[in-house]
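Student: Residue strings, one per chain:
Number of protein chains: 2
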Amino acid sequence: MEKVNLAQKLTLFNDYWHPRIVGELNDSQVKLVKVQGEFVWHHHEHEDELFMVLNGRLQMQFRDKDVWLEAGEFIIVPRGVEHRPVAPEEVHLLLLEPKSTLNTGNVMDEKTAVAEWI
Amino acid sequence: MEKVNLAQKLTLFNDYWHPRIVGELNDSQVKLVKVQGEFVWHHHEHEDELFMVLNGRLQMQFRDKDVWLEAGEFIIVPRGVEHRPVAPEEVHLLLLEPKSTLNTGNVMDEKTAVAEWI
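Each protein sequence line maps, in turn, to chains Z and G. Residues 45 to 162, numbered by the working numbering, are exactly what the first sequence covers, in order. Residues 45 to 162, numbered by the working numbering, are exactly what the second sequence covers, in order.
If we strip away everything but chain Z, and leave its shape as in the complex, we get (with noise of 0.2 Å):
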């Protein structure tokens, strides 16, 4: 049982929309990603997932509108709901979902990531 600080563990890796897993409880996982530029439409069959903005702003473009998220912010994309995230410059995010979310979802992509621990 250690603590995780944040602004540690993002000095650890500077490749984009490559998710590291920072935490483990219950069926989830709480990840980190650096995101820049646009990630691909998909959804998930079967996960519910947060995305919260640590630093910058991040757009998160749904099928019938776009919502703008600045630090501190968080939105809950159901599961079976379409979405791609735009980040017009470098974008700290922190995820949670469960263990089985694969980043693109139902989408197979050059940008399809495993996720690792650090």
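Treat the hints loosely; a few may be bogus.
Identical copies go unnamed one by one, so any copy, or any two together, can satisfy a pair.
[To be verified] Straight-line C-alpha distance at most 25 Å; calculated BS3-like pairs for lysine-lysine: (1) 53 x 109; (2) 53 x 143; (3) 143 x 47; (4) 109 x 47.
Hint data in this document are derived by calculation from the structure and do not stem from the laboratory.
Add chain G to chain Z, keeping to what the hints say.
Tutor: Using the frame of chain Z, we list chain G on its own:
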């Protein structure tokens, strides 16, 4: 699908040790709580619990050690592990735990409180 601003939600209540629900995903809930003083020793039979400090400085006491948490740090307390949060001054926490979680776990106490949505 609306975003949640943590600072704004924290303006909506001022009582201590009374968690408020601000999100739900999969089998878990995201809660906010303001605390000051000493909580009761307790554990949760079936639930792992995440505590993230948003403002202030929290001491998480375990039977064999104490861990100090500052803003931007979290700790996961696995099910079955006795713990007691202590806050010499006011602390704002984000909690992540299964919907079934009662704040005082296996103990019924004057601090036992049912969380409500805000």
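Student: So which of those numbered hints doesn't the model satisfy?
Tutor: none
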